[in-house]
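Listed below are the residues making up each chain.
There are 2 protein chains.
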Amino acid sequence: MDETERKHSEKFDELKTYLDNGDTFKFRKTYLDMHFYDQSTFYLSLKKDERLKLYDILRPNEMGDMFDTIEDELPEIPEFLDEMDVKYASKMLNYMYDDNAADVLEHMDKTHVDQFLSEMPTSDANNLRGLLHYDTETAGGIMTTDFVQFDQEITAGQAIKNLRQFAETAETIYYLYILDENKDLVGVMSLRDLIMQKSQTVLKTVMNTDLITVNVDDEQAEVAQVFRSYEFLACPVVDHSNKLVGIVTVDDVIEVIDDEAQQDYSGLAGVDVDESINDNPFKAASKRLPWLITLLLLSMITATLVNRYEGLLAQASILAVFISTITGTAGNAGTQSLAVAVRRLAIDEIDRSDFFKLLGKELLTGLFTGVVTGVSIFLLVGFWKHNFVLGLVIGLAMCAAITVANVAGSFIPMLMSRLGFDPAVASGPFISTLSDLTSVLIYFSIAGMFLQYFVGS
Amino acid sequence: MDETERKHSEKFDELKTYLDNGDTFKFRKTYLDMHFYDQSTFYLSLKKDERLKLYDILRPNEMGDMFDTIEDELPEIPEFLDEMDVKYASKMLNYMYDDNAADVLEHMDKTHVDQFLSEMPTSDANNLRGLLHYDTETAGGIMTTDFVQFDQEITAGQAIKNLRQFAETAETIYYLYILDENKDLVGVMSLRDLIMQKSQTVLKTVMNTDLITVNVDDEQAEVAQVFRSYEFLACPVVDHSNKLVGIVTVDDVIEVIDDEAQQDYSGLAGVDVDESINDNPFKAASKRLPWLITLLLLSMITATLVNRYEGLLAQASILAVFISTITGTAGNAGTQSLAVAVRRLAIDEIDRSDFFKLLGKELLTGLFTGVVTGVSIFLLVGFWKHNFVLGLVIGLAMCAAITVANVAGSFIPMLMSRLGFDPAVASGPFISTLSDLTSVLIYFSIAGMFLQYFVGS
Chain Y
171 MDETERKHSE KFDELKTYLD NGDTFKFRKT YLDMHFYDQS TFYLSLKKDE RLKLYDILRP
231 NEMGDMFDTI EDELPEIPEF LDEMDVKYAS KMLNYMYDDN AADVLEHMDK THVDQFLSEM
291 PTSDANNLRG LLHYDTETAG GIMTTDFVQF DQEITAGQAI KNLRQFAETA ETIYYLYILD
351 ENKDLVGVMS LRDLIMQKSQ TVLKTVMNTD LITVNVDDEQ AEVAQVFRSY EFLACPVVDH
411 SNKLVGIVTV DDVIEVIDDE AQQDYSGLAG VDVDESINDN PFKAASKRLP WLITLLLLSM
471 ITATLVNRYE GLLAQASILA VFISTITGTA GNAGTQSLAV AVRRLAIDEI DRSDFFKLLG
531 KELLTGLFTG VVTGVSIFLL VGFWKHNFVL GLVIGLAMCA AITVANVAGS FIPMLMSRLG
591 FDPAVASGPF ISTLSDLTSV LIYFSIAGMF LQYFVGS
Chain B
171 MDETERKHSE KFDELKTYLD NGDTFKFRKT YLDMHFYDQS TFYLSLKKDE RLKLYDILRP
231 NEMGDMFDTI EDELPEIPEF LDEMDVKYAS KMLNYMYDDN AADVLEHMDK THVDQFLSEM
291 PTSDANNLRG LLHYDTETAG GIMTTDFVQF DQEITAGQAI KNLRQFAETA ETIYYLYILD
351 ENKDLVGVMS LRDLIMQKSQ TVLKTVMNTD LITVNVDDEQ AEVAQVFRSY EFLACPVVDH
411 SNKLVGIVTV DDVIEVIDDE AQQDYSGLAG VDVDESINDN PFKAASKRLP WLITLLLLSM
471 ITATLVNRYE GLLAQASILA VFISTITGTA GNAGTQSLAV AVRRLAIDEI DRSDFFKLLG
531 KELLTGLFTG VVTGVSIFLL VGFWKHNFVL GLVIGLAMCA AITVANVAGS FIPMLMSRLG
591 FDPAVASGPF ISTLSDLTSV LIYFSIAGMF LQYFVGS
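Residue numbers (this note's numbering), protein chains in the order written: chain Y, 171 to 627; chain B, 171 to 627.
Don't read these hints as lab results, they were simulated from the structure. Computed from a prediction, not measured in an experiment: that's the story for all the values here. Just so you know, not all the hints are guaranteed correct.
Same chains, same names: a pair is fine if it fits in one copy or spans any two.
The list that follows gives simulated cross-link-like pairs (lysine to aspartate or glutamate, EDC-like), each with its CA atoms no further than 20 Å apart [claimed, not checked]: (1) Lys-527 <-> Asp-449; (2) Lys-331 <-> Asp-363; (3) Lys-331 <-> Asp-316; (4) Lys-374 <-> Asp-363; (5) Lys-531 <-> Asp-442; (6) Lys-217 <-> Glu-289; (7) Lys-531 <-> Asp-444; (8) Lys-527 <-> Asp-444; (9) Lys-453 <-> Asp-524.
Construct the complete structure from the given sequences, taking the supplied hints into account.
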């Protein structure tokens, strides 16, 4: 990769020289020979005055090809479009694949969107408006309407000939969607299957009619699951009357998979890990503080609870020694159980009978881990303090605290999912703070019961 | 999706009836019309005696198409191959895409592998042996050697004609890899570009020569990054002398992305979340216990530390009330900082100058969050206990503990990455247990300094 990077930076220097010297011809030749992604890396390395030169040198469609690969969440995109001439920007957006254009417009304010759309041919503008209506995290939000469709009565030879007309605009030409006379989707064929056919074969006799489709309102995570299973490069999207309205392509699915993984990871950590490397410490802190302060308040309930046992602590200050061991270990167990539950919920829907089965399983897992951990600390404390009653108190408390944390770690995300919330919102820090509370309660209750037996023994 | 599931289960019932009645013709017709993935779902729903019938009814290539979609980690795969006739299994493996066949063989013992390979034509066996040599988590480990290659001197028309010969065996025909007379990779072309060409155009005049390749030893995570950036459907893999040895296809990259996300998530949680839904509680507990017990031992160091302050605690049992608040909150902050650092390391290589810059940034972020959280708890404790000296002790300790946890959460994964370890191994539970130790040390040191001012005041 380093070799590639070096080559890139040399090429970028070359391009900048051409740009500075106004050597349009050489610039275009070098620039347009590069991959769109490399073009975008170059573009993003430019200063504003250099970018302005680029808009003069490149046609809107050439700019559009490159913009198709720019990460749509890039916060600078509205700024880039602002510095372009409105007509130029509008043409560029129109040349882009419509799902990408819609993603860009998603991040602009309404006035700008209307401005750009008003410069486009009405049908294209309406098309984009349609896409903007879908929820961003659904099949409709990630689909493109630039796909290849054929009538089922044409032949393979005609289809191959007609493909050329699509190759300019369609986001993929590797799947052909085949419609009947009512414009209903009746079949699909890969280009690979198509080129294997004799040229006089009629599509409807060879097309694949076992259709796998997603609905326009399906969650993007469900769409990703279809791609994982069937190893599709694209998948048709239908509306409620089963009409074909678009297709989702695999490049967008990769983005979805990354997004979903990021969300799960962030949920577990209790922080948006998308936090940019360039965020200044103030900004980073302000993103992390809301959760921290919320959890601090929750942990104050734990403190008031311990406070109620101050009498007990005054009699047996040794108890304080093991508070963090018990809360910490139970918190760790709860985090494990939480992560397993959240991951399972991401893969499977869990119905009512599973719900109790899983909870029962997690209860047993908690009990086993609790017993092993409890016995370990019983021995450690017993031998260390030469006080096996104290060891028993700590061991019992540990066992109970771990069991409760395990069940909570599993129950809370499953409950949230049942109530229609994202289970990943139940973060690791939340579970471990909550488990501090139950652990402390368990610990002091048990210690209170045994107080007379271990103090001074 | 429910509609689809209902349709599937009806079809599966139909298929089972055909299988039971020995209605081979109807079975084959219905079964072979299904998507390979649906075939595999059906296959996995069968009992052993039913599967044995299937091997009689389906040819090895038909079985191979279905096995190409079976998740390669499926623990039952060795069992399935064992119950097949060796010749049948060997033919099936030979029909499969070689990357998938290699994945399957990866999970079998050496005797079986040799048995299967000895039944194959020597060249195919050697090819598979070659693939088995690569580390599974590298480009070599996920690539296929079933790809389309052409000489640069042929025309577009010839290429399209010749494509049919590849369409049977190549894993994708949507990219053509173009070689010179030394068999060196000199260009690439998509099928989309190819069908846009006039049939007499010579490939070398229109092929894309700005080659993006990965090296056979590149980590699979780097390969995934190339696919994300360039939105490829396939990417050529070269060896050290820059010869084309295989290609990676996007379906395998999706698996890689899922695997990597799973690993990061598991690391953060301190448990392998791949833990199957069907693991019994004993097995689940045995997977979680090693980490828990390790961390328990670490937390015992914290306990011995608190133990040294037992005198202090005996004089001021109120201090015990806030132990879990301070350790818990600092642990939460450390987990946040850890997650951000691990995520950043997954995206960027961090060099030496970044290292200190990032650490400095995390120090400041820790200070800001620490000050805000510290002031909050200072006020909470001050007003609750009518003791602002105690509030100050707790506030200062909180601020310092959070700052230290933040820096540790960032430093430890960065250090591990520098030392060549996977930073994701530094789990959330590890950081929060470690942070318990530092937090307790900070807390009691500060409390000791102020003891005379808050006790009894």
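Evaluation of the provided hints:
Within a single copy, Lys-527 and Asp-449 get their C-alpha atoms only as close as 44 Å, which misses the 20 Å cut-off; across copies the closest is 12 Å, which meets it. In this assembly of identical chains, Lys-331 and Asp-363 lie within 20 Å of each other by CA distance both inside one copy and across copies; the values are 15 Å within and 14 Å between. For the identical chains of this complex, Lys-331 and Asp-316 are intra-copy neighbours only, at 18 Å inside a copy versus 28 Å across copies, given an alpha-carbon limit of 20 Å. Taking identical chains as interchangeable, the C-alpha atoms of Lys-374 and Asp-363 lie at most 20 Å apart only when both belong to the same chain, with a minimum of 13 Å there against 26 Å between chains.
In the homo-oligomer, the alpha carbons of Lys-531 and Asp-442 lie at most 20 Å apart only across protomers (17 Å), although the nearest pairing inside one protomer, at 31 Å, exceeds that limit. Neither within a single protomer nor between protomers do Lys-217 and Glu-289 lie at most 20 Å apart by alpha-carbon distance, with minima of 27 Å and 63 Å respectively. Taking identical chains as interchangeable, the C-alpha atoms of Lys-531 and Asp-444 lie at most 20 Å apart only when they sit on different chains, with a minimum of 16 Å there against 34 Å within one chain. When the C-alpha separation of Lys-527 and Asp-444 is checked against a cutoff of 20 Å, the pair qualifies only between copies, where the shortest distance is 19 Å, while the shortest distance within a copy is 35 Å.
Taking CA atoms no more than 20 Å apart as the test, Lys-453 paired with Asp-524 passes between copies only; the shortest distance there is 19 Å, against 42 Å inside one copy.
Hint 6 alone, counting from the list given before, is not met by this structure.
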